[in-house]
Amino acid sequence: MTVDMLIDWFATIGNFPALAFILAVVISGIPLFLIMALNAMIAVYVERKVSAFMMDRIGPMGQGPGLHAGKWGLLQTAADAVKLLVKEDTIPDSSDKFLFKMAPYIIFIGAFLGLAAVPFSSTLQVADFNVGVFYIIAVGSIGVIGIVMAGWASNNKWSLYGAMRSASQIISYEIPAGLSIIIPIMMAGTMNLQELIQFQSGSVWIVLPNWIIFNNPFSFIAFFIFFISAIAETNRTPFDIPEAESELVAGWMTEYSGFRWAVFFLSEYANMLVVSGLAVAGFLGGWQSPIPGLFDTGAWGLFWFMGKLIFLIFVMMWFRWTFPRLRVDQLMHVCWKVLIPIAMVNIFGVGIWKLIFG
Amino acid sequence: MTSAEIIAVIESQFSEAVIENEDLADHQVELDSAHWFDIATFMKNDPNLSFDQLECITGVDPGEDSQLQTRYNLHSMEYRHKIEVVIRHDRENPKVASIEQLWRIGDWFERETYDMYGIIYEGHRDLRRILCPDDWEGWPLRKDYEGQESYHGIVVPKIKEEEGWE
Amino acid sequence: MGVVQGDQMTLNIGPQHPSTHGVLRLEVMTDGEIVSKIKPHIGYLHRCFEKHSENVTYEQVIPFTDRCDYLASMNSNFGYVVAMEQLMEIKVPERVDYIRVIMGELNRIGSHLLALGVYGLDIGAFTPFLYMLRDRERILDMFEYTCGARLLYNYMWVGGVSHDLPKDFEKICIGFLDYFEPQIEEYNNLLTYNKIFVERTADVGVIPADVAVSYGVSGPNLRGSGVKWDVRKDEPYSIYDRFEFDVPVGNGHFGTLGDCFDRYWVRMLEIQESVKIIRQALKDIPGGDVHQALPKKIRPPKGSIYRRTESPRGDLGYYIISDGTPVPFRVKMRSPAFTALSCLDEVSRGWMISDVIAILGSLDIVLGEIDR
Numbered sequence: 001m002t003v004d005m006l007i008d009w010f011a012t013i014g015n016f017p018a019l020a021f022i023l024a025v026v027i028s029g030i031p032l033f034l035i036m037a038l039n040a041m042i043a044v045y046v047e048r049k050v051s052a053f054m055m056d057r058i059g060p061m062g063q064g065p066g067l068h069a070g071k072w073g074l075l076q077t078a079a080d081a082v083k084l085l086v087k088e089d090t091i092p093d094s095s096d097k098f099l100f101k102m103a104p105y106i107i108f109i110g111a112f113l114g115l116a117a118v119p120f121s122s123t124l125q126v127a128d129f130n131v132g133v134f135y136i137i138a139v140g141s142i143g144v145i146g147i148v149m150a151g152w153a154s155n156n157k158w159s160l161y162g163a164m165r166s167a168s169q170i171i172s173y174e175i176p177a178g179l180s181i182i183i184p185i186m187m188a189g190t191m192n193l194q195e196l197i198q199f200q201s202g203s204v205w206i207v208l209p210n211w212i213i214f215n216n217p218f219s220f221i222a223f224f225i226f227f228i229s230a231i232a233e234t235n236r237t238p239f240d241i242p243e244a245e246s247e248l249v250a251g252w253m254t255e256y257s258g259f260r261w262a263v264f265f266l267s268e269y270a271n272m273l274v275v276s277g278l279a280v281a282g283f284l285g286g287w288q289s290p291i292p293g294l295f296d297t298g299a300w301g302l303f304w305f306m307g308k309l310i311f312l313i314f315v316m317m318w319f320r321w322t323f324p325r326l327r328v329d330q331l332m333h334v335c336w337k338v339l340i341p342i343a344m345v346n347i348f349g350v351g352i353w354k355l356i357f358g
Numbered sequence: 359m360t361s362a363e364i365i366a367v368i369e370s371q372f373s374e375a376v377i378e379n380e381d382l383a384d385h386q387v388e389l390d391s392a393h394w395f396d397i398a399t400f401m402k403n404d405p406n407l408s409f410d411q412l413e414c415i416t417g418v419d420p421g422e423d424s425q426l427q428t429r430y431n432l433h434s435m436e437y438r439h440k441i442e443v444v445i446r447h448d449r450e451n452p453k454v455a456s457i458e459q460l461w462r463i464g465d466w467f468e469r470e471t472y473d474m475y476g477i478i479y480e481g482h483r484d485l486r487r488i489l490c491p492d493d494w495e496g497w498p499l500r501k502d503y504e505g506q507e508s509y510h511g512i513v514v515p516k517i518k519e520e521e522g523w524e
Numbered sequence: 525m526g527v528v529q530g531d532q533m534t535l536n537i538g539p540q541h542p543s544t545h546g547v548l549r550l551e552v553m554t555d556g557e558i559v560s561k562i563k564p565h566i567g568y569l570h571r572c573f574e575k576h577s578e579n580v581t582y583e584q585v586i587p588f589t590d591r592c593d594y595l596a597s598m599n600s601n602f603g604y605v606v607a608m609e610q611l612m613e614i615k616v617p618e619r620v621d622y623i624r625v626i627m628g629e630l631n632r633i634g635s636h637l638l639a640l641g642v643y644g645l646d647i648g649a650f651t652p653f654l655y656m657l658r659d660r661e662r663i664l665d666m667f668e669y670t671c672g673a674r675l676l677y678n679y680m681w682v683g684g685v686s687h688d689l690p691k692d693f694e695k696i697c698i699g700f701l702d703y704f705e706p707q708i709e710e711y712n713n714l715l716t717y718n719k720i721f722v723e724r725t726a727d728v729g730v731i732p733a734d735v736a737v738s739y740g741v742s743g744p745n746l747r748g749s750g751v752k753w754d755v756r757k758d759e760p761y762s763i764y765d766r767f768e769f770d771v772p773v774g775n776g777h778f779g780t781l782g783d784c785f786d787r788y789w790v791r792m793l794e795i796q797e798s799v800k801i802i803r804q805a806l807k808d809i810p811g812g813d814v815h816q817a818l819p820k821k822i823r824p825p826k827g828s829i830y831r832r833t834e835s836p837r838g839d840l841g842y843y844i845i846s847d848g849t850p851v852p853f854r855v856k857m858r859s860p861a862f863t864a865l866s867c868l869d870e871v872s873r874g875w876m877i878s879d880v881i882a883i884l885g886s887l888d889i890v891l892g893e894i895d896r
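Chains as they are written, first to last, in the numbering used here: chain A, 1 to 358; chain B, 359 to 524; chain C, 525 to 896.
A few of these clues could be false.
Here are the simulated lysine to aspartate or glutamate pairs, EDC-like style, with alpha carbons at most 16 Å apart [unchecked claim]: (1) C/LYS561 - C/GLU870; (2) C/LYS752 - B/ASP502; (3) B/LYS501 - C/GLU578; (4) C/LYS826 - B/ASP502; (5) A/LYS101 - A/ASP89; (6) A/LYS101 - A/ASP80; (7) A/LYS157 - C/ASP531; (8) C/LYS821 - C/ASP847; (9) C/LYS800 - C/ASP847; (10) C/LYS561 - B/ASP390; (11) A/LYS157 - A/ASP96; (12) B/LYS440 - B/ASP384; (13) A/LYS157 - C/ASP555; (14) B/LYS402 - C/ASP734; (15) C/LYS563 - B/ASP396; (16) B/LYS453 - B/ASP381; (17) C/LYS575 - B/GLU436; (18) C/LYS800 - C/GLU694; (19) C/LYS826 - B/GLU380.
Treat the hints as calculated values from the structure; they're not laboratory data.
Turn these sequences into a full structure, and let the hints steer you where they fit.
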């Protein structure tokens with residue numbers, strides 16, 4: 001339910017606008033948090049199974065509830081969650097304790113705020129901003145502060161290295177991501193996510209749905225640039241140099257264990273969901289069905305959105321287990337000397353296309 | 359070139375350095391430790407010998423009341439000939455010039471021989487133990503080595519004469 | 525404490541670290557991300573192999589050699605027995621020679637598969653590691669079928685081998701080779717030609733040929749720098765002179781001659797050469813009794829010998845001094861990984877920390893062999 005709908009409903013009961021607002025926000029936050037937790041649990045299980053099948057092994061397996069990890073290993077994530085919660089909370093003695101404790105929550109806040117604007121269907125969206133796209137991009141930068149805090153507060157040279165690399169990586173890759181997401185805004189003329197998705201109804205080139213990715217060659221390329229920058233934003237391989245296991249042990253997360261580490265993990269998967277959600281909404285038609293006119297009523301919208309989202313997350317996982325990682329300076333080279341020029345050319349291209357073809 | 363020819367070439371340049379020794383085989387030659395660095399430089403740079411590969415440095419302790427030895431196995435990639443150089447050291451104060459600047463692998467090989475036998479390689483830029491901890495006492499591979507009683511509080515086990523490890 | 529130079533930072537990689545291939549401590553002095561000096565600290569795995577071998581008999585030394593280079597145990601044994609047989613002037617039956625070559629080459633394939641897989645893991649590619657390990661498992665199964673052990677075999681004895689080839693071994697081995705050869709294409713598609721992998725390894729960590737020879741680098745590391753030196757061809761032992769195989773040499777395929785990619789590529793090609801050798805050996809293997817030439821008591825004549833053989837890591841040399849008793853007087857193992865690690869400092873000056881990991885992986889070291 002969107003926050004607006006809740007506020008209107010409270011208004012019908014009585015006249016207490018401030019309290020109604022707070023209540024509406026809190027009530028909408030709960031399903032959001034549940035989505036985040038559920039997403040993490042399912043995504044972790046899927047990642048382990050997907051990676052196992054790609055590597056010619058089978059991943060966590062079990063015989064039934066209570067026996068090892070549940071049938072097909074389904075209870076494995078639950079077991080991991082319980083273990084992380086009861087683990088001892090170790091904080092290094094020489095660390096900056098306040099920053100050390102705050103860092104996971106700042107990253108969590110960044111991911112959580114982004115999730116609020118993801119349009120799961122035409123009615124399922126927590127907050128329908130006028131500047132939805134801009135809001136998600138802006139809020140995604142909050143995570144960087146958390147990462148740098150985590151690396152610094154650990155008082156560990158390895159964490160510091162990882163944090164600095166991560167900060168430079170995320171800040172750099174926001175630019176091609178932002179430049180690419182301008183393309184849907186230019187074409188639809190609005191930053192509101194629901195209106196952006198409405199714009200993508202109908203068909204283009206006769207058979208293809210009118211998704212922005214299929215509209216013209218520049219927006220086609222823009223999707224891939226956005227997707228690559230999104231992977232870099234979430235610190236996934238091939239851009240996972242900040243948490244490069246084989247070099248820096250665990251990079252900026254080295255000193256974190258137990259529940260704090262679980263919060264980092266939760267935020268990473270939530271981030272993946274947010275950027276994939278933005279890619280789907282901006283380029284792949286959001287909750288629009290791929291066959292214009294068929295299967296596009298109410299609940300089907302949620303189905304299509306989730307389907308496209310799951311596909312993009314699967315592709316992210318696929319990349320992780322296939323490609324080696326880039327070195328820090330190669331990463332920067334790709335961003336500044338390859339992606340940004342192409343993104344700028346795309347903007348010009350789309351502008352000229354719109355001018356000529358309307 | 360055969361070993362005899364190689365020894366002849368060395369002898370022609372450094373006649374007083376080659377020492378006669380019947381215990382050694384044909385491919386081995388004993389040299390005087392005082393001239394070792396010059397001979398080594400000659401062996402590496404001479405166009406007929408051209409020993410550019412130092413295969414192995416072995417330390418040997420022939421027993422009590424005898425001199426420690428360092429044996430250098432040299433090989434030439436160009437001519438595919440080999441020679442083994444034996445140098446004997448005084449047991450109380452074993453030392454010889456270091457050749458680590460000529461063959462860079464000498465750096466670690468000499469550190470290892472120093473670590474195990476206590477032979478000092480003069481001119482080595484960084485002579486310290488390599489396999490044992492830096493503050494270990496004694497020269498382990500010598501025949502008269504007695505292990506220390508304990509190391510930082512950890513008891514060092516000893517081999518009993520007939521029964522093996524305790 | 526010393527003078528702090530500018531912005532130098534001293535970092536510790538290890539002893540416990542996911543990619544140091546064993547227990548190795550690297551003290552790295554860096555200026556930001558650029559390395560200015562590396563001091564390797566070894567000795568964490570020192571098990572006094574040379575002192576032990578002065579207290580046990582010659583046969584009892586063989587299990588010790590297994591445990592030095594545990595990834596290529598067959599080849600470690602091979603080096604020792606070749607040196608001993610030359611010292612004692614024993615001639616082994618032909619069948620023994622063929623079996624030794626087959627086992628040695630199978631072990632070489634297994635060792636290279638592990639080295640390449642772990643190298644991919646260091647660079648960040650997780651999947652080729654598992655594919656290569658899956659194929660290595662089949663080799664270990666064959667070893668288990670022959671002598672009962674998967675990793676440390678105690679297989680090659682002075683004068684023979686411990687167990688003859690079991691029933692159907694030739695068929696199983698040929699089946700494995702037929703399955704394995706197309707797999708190499710899969711590895712190449714997945715890892716070798718991957719642009720990111722090439723970017724990480726080409727032009728990185730170049731070892732010029734003269735520096736390599738001076739540092740005693742040998743084996744695939746030396747061949748990657750363009751020097752065509754293989755002990756199996758240049759100082760042949762056993763029956764290697766009967767087989768036709770090439771010696772792959774690096775050629776600056778994607779970058780400079782002698783970079784990490786060349787060393788990786790040489791190992792990949794060597795796997796194919798080993799497959800060729802095994803096929804030739806299996807075709808010509810004669811019958812006979814493998815225990816025929818085992819001496820009743822090993823009592824070599826007085827003397828010393830230094831003999832080197834080609835292990836997957838390079839020139840493995842044994843210096844053995846005998847004083848006429850059944851117990852060796854001195855056994856020294858000259859390990860190729862020891863020399864490879866010694867050149868790490870000079871090769872990685874001026875590169876970044878990620879490159880140090882790439883260079884270390886390309887040298888293929890095994891700490892058991894370095895520390896003995």
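Unmet hints by their number, sorted upward, for this structure:
2, 4, 6, 9, 10, 15, 16, 17
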